[in-house]
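> As a plain string of letters, each chain reads:
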Amino acid sequence: ETGVTQTPRHLVMGMTNKKSLKCEQHLGHNAMYWYKQSAKKPLELMFVYSLEERVENNSVPSRFSPECPNSSHLFLHLHTLQPEDSALYLCASSQVGRGRNTGELFFGEGSRLTVL
Amino acid sequence: KNEVEQSPQNLTAQEGEFITINCSYSVGISALHWLQQHPGGGIVSLFMLSSGKKKHGRLIATINIQEKHSSLHITASHPRDSAVYICAVHRPGGADGLTFGKGTHLIIQP
Chain X
1 ETGVTQTPRH LVMGMTNKKS LKCEQHLGHN AMYWYKQSAK KPLELMFVYS
51 LEERVENNSV PSRFSPECPN SSHLFLHLHT LQPEDSALYL CASSQVGRGR
101 NTGELFFGEG SRLTVL
Chain V
1 KNEVEQSPQN LTAQEGEFIT INCSYSVGIS ALHWLQQHPG GGIVSLFMLS
51 SGKKKHGRLI ATINIQEKHS SLHITASHPR DSAVYICAVH RPGGADGLTF
101 GKGTHLIIQP
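In the order they appear, the protein sequences are chains X and V. Heads up: the first sequence runs through residues 1 to 116, numbered per the numbering used here. Heads up: the second sequence runs through residues 1 to 110, numbered per the numbering used here.
Be aware that one or more of the hints could be misleading.
Claimed, not checked - Calculated lysine-lysine pairs in the DSS-like style (CA-CA distance at most 27 Å, straight line): (1) X:Lys40 - X:Lys19; (2) X:Lys19 - X:Lys36; (3) X:Lys36 - X:Lys18; (4) V:Lys53 - V:Lys68; (5) X:Lys41 - X:Lys19; (6) X:Lys22 - V:Lys102; (7) V:Lys54 - V:Lys68; (8) V:Lys53 - X:Lys36; (9) V:Lys53 - X:Lys22; (10) V:Lys55 - V:Lys102; (11) V:Lys68 - X:Lys40; (12) V:Lys54 - V:Lys102; (13) V:Lys102 - V:Lys68; (14) V:Lys102 - V:Lys53; (15) V:Lys102 - X:Lys41; (16) V:Lys55 - X:Lys19; (17) X:Lys40 - X:Lys22; (18) X:Lys22 - X:Lys36.
As the list claims (entries may be wrong) - Which residues of chain V face chain X? A partial, calculated answer using Cβ under 10 Å: (19) Val4; (20) Pro8; (21) Thr99.
In case anyone wonders, no lab produced these hints; they're calculated from the structure. Bear in mind the structure is a predicted one, so any value in this text is a computation, not a measurement. Every residue gets a Cβ at the ideal spot worked out from N, C-alpha and C, and that includes glycine.
If we strip away everything but chain X, and leave its shape as in the complex, we get:
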């Protein structure tokens, strides 16, 4: 138990579906992250909310939409995804100082997404 909980653990969706991934952290951290892990590739940062500021990675397609209603909750809204979006989506949190992540990352168990 790392203090970061992700739901659902597994999700299968069609290309026309709309679904959401949820992440909740119980660590009192002030930064939360979405990472994508595809086979044979390094972890890729998708989005980060740090000190209530959203930082985007411009290479993330608009079919992925993050939402951070408060410092403990993070969502990733999914719509009209493609089969190549099938991957493990990992949420993480950390304590940030001066807007930079210099601390230890705590990861959730991940949500395994399959797009048919």
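Add chain V to chain X, keeping to what the hints say.
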């Protein structure tokens, strides 16, 4: 070429063997992480270090800032050590300042 390179990519060893996983990086860093990912998917932080050496149980991590190299050692390896080990470095730039290696897939056979 990835900014963080790990070797080997895959490693199979017998229970009890001494294991070394290497990480080389080509950018300036403020700290380096070693992470462990089990088949279920979750990732656990093992070490965060910026100099010297750290030890936790059977795990030892070392870093040489001048040579831009770090090693993770496992003594008296056990099948439960089977996992993917990921090296990540804190860079000055980037939204979260982290660059990840591709990971080393370790299998310890009984």
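> Taking the hints in turn, state whether each one holds.
Structure-based check of all given hints:
1. X:Lys40 - X:Lys19: 26 Å, holds
2. X:Lys19 - X:Lys36: 16 Å, holds
3. X:Lys36 - X:Lys18: 18 Å, holds
4. V:Lys53 - V:Lys68: Judged against 27 Å, a Cα distance of about 14 Å means the pair holds.
5. X:Lys41 - X:Lys19: Cα-Cα ~24 Å, so holds.
6. X:Lys22 - V:Lys102: 26 Å, holds
7. V:Lys54 - V:Lys68: With Cα atoms ~17 Å apart, V:Lys54 and V:Lys68 stay inside 27 Å; holds.
8. V:Lys53 - X:Lys36: 30 Å, violated
9. V:Lys53 - X:Lys22: 37 Å, violated
10. V:Lys55 - V:Lys102: 23 Å, holds
11. V:Lys68 - X:Lys40: 24 Å, holds
12. V:Lys54 - V:Lys102: 22 Å, holds
13. V:Lys102 - V:Lys68: 17 Å, holds
14. V:Lys102 - V:Lys53: Roughly 23 Å separates the two Cα atoms, so the pair holds.
15. V:Lys102 - X:Lys41: Judged against 27 Å, a Cα distance of about 6 Å means the pair holds.
16. V:Lys55 - X:Lys19: Answer violated: V:Lys55 to X:Lys19 is near 43 Å, above 27 Å.
17. X:Lys40 - X:Lys22: 25 Å, holds
18. X:Lys22 - X:Lys36: 14 Å, holds
19. Val4: Because about 7 Å separates V:Val4 from the closest Cβ in chain X, which is inside the 10 Å limit, the hint holds.
20. Pro8: 15 Å, violated
21. Thr99: 8 Å, holds
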